[in-house]
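2 protein chains.
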Amino acid sequence: MGTTQLETVPEPKYWHLKTVLSEALDSEFAVGEILPNERDLAARFGVARATLRQALEQLELEGRLQRRRGVGTTVAPPRMGVAVGSAQGTWPGAVGDAWQPADCAPAVPPADVARMLETAADEQVHMVRRTRVSNGQPVAAELLFVPTSSVAELTGMDAPSGAARARVVLRELARLGLEGQDRAVELGSARADDARALDRLPGAPVLVVTTRFFAGGRTAAVSVATYRADTCRLTFGDSGGVEIHHDSDRRAS
Amino acid sequence: MGTTQLETVPEPKYWHLKTVLSEALDSEFAVGEILPNERDLAARFGVARATLRQALEQLELEGRLQRRRGVGTTVAPPRMGVAVGSAQGTWPGAVGDAWQPADCAPAVPPADVARMLETAADEQVHMVRRTRVSNGQPVAAELLFVPTSSVAELTGMDAPSGAARARVVLRELARLGLEGQDRAVELGSARADDARALDRLPGAPVLVVTTRFFAGGRTAAVSVATYRADTCRLTFGDSGGVEIHHDSDRRAS
Chain B
1 MGTTQLETVP EPKYWHLKTV LSEALDSEFA VGEILPNERD LAARFGVARA TLRQALEQLE
61 LEGRLQRRRG VGTTVAPPRM GVAVGSAQGT WPGAVGDAWQ PADCAPAVPP ADVARMLETA
121 ADEQVHMVRR TRVSNGQPVA AELLFVPTSS VAELTGMDAP SGAARARVVL RELARLGLEG
181 QDRAVELGSA RADDARALDR LPGAPVLVVT TRFFAGGRTA AVSVATYRAD TCRLTFGDSG
241 GVEIHHDSDR RAS
Chain S
1 MGTTQLETVP EPKYWHLKTV LSEALDSEFA VGEILPNERD LAARFGVARA TLRQALEQLE
61 LEGRLQRRRG VGTTVAPPRM GVAVGSAQGT WPGAVGDAWQ PADCAPAVPP ADVARMLETA
121 ADEQVHMVRR TRVSNGQPVA AELLFVPTSS VAELTGMDAP SGAARARVVL RELARLGLEG
181 QDRAVELGSA RADDARALDR LPGAPVLVVT TRFFAGGRTA AVSVATYRAD TCRLTFGDSG
241 GVEIHHDSDR RAS
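First to last, the sequence lines map onto chains B and S. In terms of the UniProt record's numbering, the first sequence is residues 1 to 253. In terms of the UniProt record's numbering, the second sequence is residues 1 to 253.
Here chain B stands alone, though its shape is the one from the complex:
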């Protein structure tokens, strides 16, 4: 399975078709336009339905097409630039934060999050759920895991749940001195609850951004944010969060 073997594999047929289709999208179709149905398209390009479907999947991965239930396949607008944090780093919920708190409940975090937080395997933490909307569209859903030890002053007295509870947890968290954060981005597939929040079906490709917040010499909170991979490009800028758009790219700062 070396590189040599792959070099002798001819380009798959759907790959060539993808290139041809991509050029047709540029020259013949406008953003939002609905493509002809698969049978007509396959006939036009003289390929099998299966080949066409593979090429359409590629174009969907690349953000050129959107498939929507009950509508069909449409030409996608350019992806939105969505700013992910700043170099300096602030707590979730700081001024200018693009996220809206939706809910807060006690929950046992997934095993890998528990390891980062150094909580016991069955230990409950505060799980804050937030959503992010850009240009009127849901673009991301977040689970923020905050161990009870990070917000020790918190009482269960007022705002026991819901968005109000989420705001109280964020406010308490912000009392800690933030020492730093790091971030990882990887490909994932939308869990059922995230898919609902993002108006997608479960399993849709998403970009998963995991952020660890450090305070008091340990991981004080972990955020797992799920961005729609079809409509978003995540931007990381020196300028500390200016949104950069793909097609009107000029230096912002």
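The hints are simulated quantities; they were obtained by calculation from the structure and are not laboratory data. Hints should not be assumed to be uniformly reliable.
Remember, identical chains collapse to one label, so a pair may be satisfied in a single copy or spanning two.
[What the hints assert, rightly or not] Only pairs whose alpha carbons sit at most 25 Å apart, straight line, appear in this in silico SDA-like list of lysine to any residue:
{"hint": "1", "residue 1": "K13", "residue 2": "A159"}
{"hint": "2", "residue 1": "K13", "residue 2": "R218"}
{"hint": "3", "residue 1": "K13", "residue 2": "G72"}
{"hint": "4", "residue 1": "K13", "residue 2": "A83"}
{"hint": "5", "residue 1": "K13", "residue 2": "P205"}
{"hint": "6", "residue 1": "K13", "residue 2": "A192"}
{"hint": "7", "residue 1": "K13", "residue 2": "R175"}
{"hint": "8", "residue 1": "K13", "residue 2": "V71"}
{"hint": "9", "residue 1": "K13", "residue 2": "A48"}
{"hint": "10", "residue 1": "K13", "residue 2": "E60"}
{"hint": "11", "residue 1": "K13", "residue 2": "A42"}
{"hint": "12", "residue 1": "K13", "residue 2": "G70"}
{"hint": "13", "residue 1": "K13", "residue 2": "A43"}
{"hint": "14", "residue 1": "K13", "residue 2": "L176"}
{"hint": "15", "residue 1": "K13", "residue 2": "F29"}
{"hint": "16", "residue 1": "K13", "residue 2": "Q66"}
{"hint": "17", "residue 1": "K13", "residue 2": "L154"}
{"hint": "18", "residue 1": "K13", "residue 2": "R53"}
{"hint": "19", "residue 1": "K13", "residue 2": "F45"}
{"hint": "20", "residue 1": "K13", "residue 2": "R49"}
{"hint": "21", "residue 1": "K13", "residue 2": "A94"}
{"hint": "22", "residue 1": "K13", "residue 2": "D193"}
{"hint": "23", "residue 1": "K13", "residue 2": "R191"}
{"hint": "24", "residue 1": "K13", "residue 2": "L201"}
{"hint": "25", "residue 1": "K13", "residue 2": "L25"}
{"hint": "26", "residue 1": "K13", "residue 2": "R196"}
{"hint": "27", "residue 1": "K13", "residue 2": "V75"}
Chain B is fixed; fit chain S onto it per the hints.
Just chain S now, kept in the frame of chain B:
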């Protein structure tokens, strides 16, 4: 097509199967182990082949499974943490850079890159090709586009092509004062040449990292780096490039 309608859509069958399969992977299979063939798996879980295939695709998206030609489907090791740049920012080719220059040739950049560089539509630039290897595996391929105006001192005299030429271009570029950079991450599918470098088939899902380097008040170079989405998680750290691994996560700095 609001959220409400999606809420009434029942969870697809492959989604439930994916969860069941994922638990079976945890409890019954070791990393690198080859899964039984699709027919046997479909029979064991009492599902149609098509449903099984969808569930396997999900697990591949999530990095749990790898499908390799001529081998079959194997249980994937945890994704590698691959550090993407530092907060401070350095020129490509600086000391400690993880990339190896492979080639350099004149080329007309893609339209979106030309827009960022503010070069004319048919203007040739230096196109440096580099590769990145981690733990003995190819993890990323990069095209670095450098306008001739950014390396004006460069002559065509020595090292007209190849890795030596690439190093000369990088050395000249590093003479400019780097004023800043920004970065975007998005989902893409591997182009044929990248796929070869990454030992994948064309169209495999990749994470595309586009970096703009600013010098002299303009974009002096643009890097388009393609990371394997199946094996990599991209890390962005305060610590300026310490690699963080998914399963042995402790604070590094």
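Okay, the hints, checked on the actual structure:
Taking the shortest Cα distances, K13 and A159 never come within 25 Å of each other, neither inside one copy (58 Å) nor across copies (38 Å). Taking identical chains as interchangeable, the C-alpha atoms of K13 and R218 are never at most 25 Å apart, the minima being 52 Å within one chain and 41 Å between chains. With identical chains, the CA atoms of K13 and G72 are at most 25 Å apart both within one copy (24 Å) and between copies (22 Å). In this assembly of identical chains, the alpha carbons of K13 and A83 never lie at most 25 Å apart, being 37 Å within a copy and 35 Å across copies at closest.
Proximity of K13 and P205 under a CA criterion of 25 Å is satisfied in both settings, with 24 Å inside one chain copy and 17 Å between copies. Proximity of K13 and A192 under a CA criterion of 25 Å is satisfied inter-copy only: 12 Å between copies versus 34 Å inside one chain copy. For a Cα distance limit of 25 Å, the shortest separation of K13 from R175 qualifies neither inside one copy, at 58 Å, nor across copies, at 45 Å. In this homomeric assembly, K13 and V71 come within 25 Å of each other (Cα to Cα) only across copies, at 23 Å, whereas the closest approach inside a single copy is 27 Å.
Within a single copy, K13 and A48 get their C-alpha atoms as close as 10 Å, which meets the 25 Å cut-off; across copies the closest is 27 Å, which misses it. For the identical chains of this complex, K13 and E60 are neighbours both inside a copy (17 Å) and across copies (22 Å), given an alpha-carbon limit of 25 Å. Within a single copy, K13 and A42 get their C-alpha atoms as close as 13 Å, which meets the 25 Å cut-off; across copies the closest is 29 Å, which misses it. For the homomeric pair K13 and G70, the shortest alpha-carbon distance between copies (20 Å) is at most 25 Å, but the shortest distance inside one copy (29 Å) is not.
Only within a single protomer do K13 and A43 lie at most 25 Å apart by alpha-carbon distance; the minimum there is 15 Å, versus 32 Å between protomers. Neither within a single protomer nor between protomers do K13 and L176 lie at most 25 Å apart by alpha-carbon distance, with minima of 56 Å and 44 Å respectively. For the identical chains of this complex, K13 and F29 are intra-copy neighbours only, at 23 Å inside a copy versus 35 Å across copies, given an alpha-carbon limit of 25 Å. Taking the shortest alpha-carbon separations for K13 and Q66, both the intra-copy value of 22 Å and the inter-copy value of 23 Å come in at or below 25 Å.
For the identical chains of this complex, K13 and L154 are neighbours neither inside a copy (60 Å) nor across copies (41 Å), given an alpha-carbon limit of 25 Å. For a Cα distance limit of 25 Å, the shortest separation of K13 from R53 qualifies both inside one copy, at 12 Å, and across copies, at 21 Å. For a Cα distance limit of 25 Å, the shortest separation of K13 from F45 inside one copy, 12 Å, qualifies, whereas the shortest one across copies, 33 Å, does not. Proximity of K13 and R49 under a CA criterion of 25 Å is satisfied in both settings, with 12 Å inside one chain copy and 24 Å between copies.
Proximity of K13 and A94 under a CA criterion of 25 Å is satisfied in neither setting, with 50 Å inside one chain copy and 40 Å between copies. Taking CA atoms no more than 25 Å apart as the test, K13 paired with D193 passes between copies only; the shortest distance there is 16 Å, against 37 Å inside one copy. Taking the shortest Cα distances, K13 and R191 sit within 25 Å of each other only across copies (14 Å), while inside one copy they are farther apart (32 Å). In this homomeric assembly, K13 and L201 come within 25 Å of each other (Cα to Cα) only across copies, at 12 Å, whereas the closest approach inside a single copy is 28 Å.
Taking the shortest alpha-carbon separations for K13 and L25, only the intra-copy value of 18 Å comes in at or below 25 Å, while the best inter-copy value is 33 Å. In this assembly of identical chains, K13 and R196 lie within 25 Å of each other by CA distance solely across copies; the values are 16 Å between and 35 Å within a copy. For the identical chains of this complex, K13 and V75 are intra-copy neighbours only, at 22 Å inside a copy versus 29 Å across copies, given an alpha-carbon limit of 25 Å.
In summary, the structure is inconsistent with hints 1, 2, 4, 7, 14, 17, 21 from the numbered list given earlier, while agreeing with the others.
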